[in-house]
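Q: The whole structure should be built from the sequences, with the hints applied where relevant.
Which chain is which? The protein sequence lines are W and F, in order. So the first sequence is residues 12 to 292, counted in this note's numbering. So the second sequence is residues 222 to 504, counted in this note's numbering.
These aren't lab readings, by the way, just hints derived from the structure by calculation. Just so you know, these numbers come straight off a predicted model, no measurement behind them. Using N, Cα and C, we set each Cβ at its ideal position, and we do this for glycine too. You may find that some hints are simply not true.
[To be verified] Stretch-level coverage of chain F by chain W, calculated; a stretch enters the list once three of its residues show a Cβ under 8 Å from a Cβ in chain W:
hint, stretch
1, 248–260
2, 270–282
3, 325–339
4, 432–443
5, 469–482
[Stated by the list, open to error] Here's a subset of chain F near chain W, in silico, CB distances under 10 Å, partners left out:
hint, residue
6, P372
7, F373
8, V386
9, E413
10, S414
11, Q429
12, H446
13, G447
14, A449
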Amino acid sequence: MAPRIAVVIGSGGLKCAAALGLWRVLAREGIQPDLAIGSSGGALYAAGLALGHPLALAEERTKWMWDSLLSFDPVGVARAALPRMLGYDARVGLSRDTKINAEMHELFGNSMFSDARIPLLVAATDAESGECVLIDEGRVADAVRASVSLPIVLPACRVGDRLLMDGGLSNPLPVDAAIREGSEIILAMGFENSYKPAVRSVWDAVGNVIAMSTNHLMRASFAFHSLAHHAEIIPVLPEFDRPIGFKDSALIPYIVECGERAAERQLPYLMRLLESPVSAD
Amino acid sequence: MSLTVVVGSGSVKCAASLGMFRLLRREGVAIDRLVGCSAGAIYTACIALGMSVEEAAEKNRTLWTREVAERANRRAMWQALFPRALRFTEEWGLKDDRLLERRLAAAFGDRTFEDCNIPLHITATDFSNGEQVVLSRGRIVDAIRASLALPFAFPPVRIDGRLLVDGFMSDPLPVGVAIREGADVVIAMGFESVYQERIHSPSRFAMQLSSILSNNLLKAMFAFHGAAHHGELLLVVPQFTQRVRLFDVEKMPYIMDVGERAMAEQLPYLRRLLESRAVGAGA
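A: As structure tokens, then:
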């Protein structure tokens, strides 16, 4: 029996477009994953992969998808500035979410997790307990929307009876979910956040602080799972020679190429694993 | 055979470590090394410098009061609004840190790491690349101030050319330092951040965000060190039934008792370890 392969796409904002490069390599080599898992921006691609969207469609939509993710919300900004007077809770963001909600509908329609061709798991963070929540049922659009709730910018959202925030806050690279599902080979595409070299506004400071925490969290949990787990975890880590922010959608072809190169670097090893029979134990 | 005690970040809850130290002293357990992070740095420094538990408690009762974070840095607020005109830089914090610095200076003066009876390490985080920085020499007061530099509240501190912020940003419970220094047995007292009951302002939202990230980081780091390290790693997590807020110094006796009880639960095992290792030492 062929080993079961999981593809895990971590959080990383626009850098997650590198998943298209990995997807390209898998398609070219005829490798069919058995499980797709995504956190934050990575969920956008994991969901497409699991639902069986054609690669060409995902590529075509990517620029539009990132360009229209955020829209400035003057009401949210006012409520953040005058919380007592105007009322503030975790569902307030600096960006309106009508646009992203419409976008999620456009991307995933009313597809349910049960419609996916291979099992899909989407990581989000419970706003009350801080724990990672792996969503595996309901509307895919709702799960992905929760997972990409970029903190402070996009409002948290309610799925079922839970208020959910960005998956990157609790689980930036959810390889643990693939381990629990019993995958034998785990292709884990993760991204480190880059730091602003010069901090020239509160925004820069907030960005750096969140980047620092999630980088440490990703490294620590990846180190632990590589150590504790006995199946194969193949890290697919694209290397970028320049900082990539949310507005750099013009760089998407470059990002995808970096992802493709990172996947190609691991391909010989992956092929060897696929050829050698899995030891039964 | 050596024992290292690590006290993680946790604001006033770190006073629980004094309950632990009280018990270890009473039981005659010798500590060979101390590692502190954030508020944990204040308590480990007191013990490393040879203060009694009572002295350390008294010092902290007067040090960490609400007043240290009461005064806003007005210039910083304007800088946040007009970053370009007022030249926003990395060395920014919303609170006026002069009182905190005065109090730390009064508590620790010019004493250095070299003055400690027990070797001491204090962790901070490099603000430019997020790396953990271990401070083990020079003035203790500077190291503590860096380890306490909670982003957005207190400005970072420059030491040896590096701009440092709170140690919890890289590891809220730095057992890795103890492991690298070669401890046989590590006692690690860690604290989870409390979540907000209601989020009704951006600052509460930021605190919730910070709690979520640091609690997840604490768990992931500890899981890694527990799995990677082959020595003995004893985790002591005090369980508070009363809510302990940021500046609840008046609850210190209660906090210390909770810390002592948490350590007491691990004591029989610690005893067995210390005895068995002592026999096997040198083998």
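Q: Closer than 10 Å between Cβ atoms is the bar; does F:F373 clear it against chain W? Give me holds or violated.
A: F:F373 check passes; min Cβ-Cβ to chain W is 7 Å, inside 10 Å.
Q: So, F:S414 near chain W? Judge it on the closest CB pair being under 10 Å.
A: The hint holds - F:S414 has a Cβ within 10 Å of chain W, the shortest such distance being about 8 Å.
Q: Interface hint check: F:E413, Cβ to nearest Cβ on chain W, cutoff 10 Å. Holds or violated?
A: It holds, given that the least Cβ distance between F:E413 and chain W is near 9 Å, below 10 Å.
Q: Are three or more residues of the stretch 270–282 of chain F within 8 Å, CB to CB, of chain W?
A: violated (count 0)
Q: Can we keep the F:V386 interface hint, with Cβ of chain W closer than 10 Å?
A: Nearest chain W Cβ about 8 Å off; hint holds.
Q: Hint check: is the beta carbon of F:G447 less than 10 Å from a beta carbon of chain W?
A: holds (9 Å)
Q: Regarding the hint that F:H446 lies at the interface with chain W, is the smallest CB-CB distance below 10 Å?
A: holds (9 Å)
Q: Would you say the stretch 325–339 of chain F counts as covered by chain W, given the rule of at least 3 residues with C-beta under 8 Å?
A: With 0 residues closer than 8 Å to chain W, the stretch 325–339 of chain F misses the three-residue bar; violated.
Q: Should the hint that F:Q429 touches chain W count as held when the rule is a Cβ pair under 10 Å?
A: F:Q429 check passes; min Cβ-Cβ to chain W is 7 Å, inside 10 Å.
Q: Double-check F:A449 for me: the hint is only fine if its C-beta lies closer than 10 Å to a C-beta in chain W.
A: holds (6 Å)
Q: Test coverage of the stretch 469–482 of chain F by chain W using CB-CB distances below 8 Å; three residues minimum.
A: Check failed, 0 qualifying residues.
Q: With a C-beta cutoff of 8 Å, work out whether three or more residues of the stretch 432–443 of chain F approach chain W closely enough for the coverage to hold.
A: holds (count 9)
Hints 1, 2, 3 and 5, counting from the list given before, are not met by this structure.
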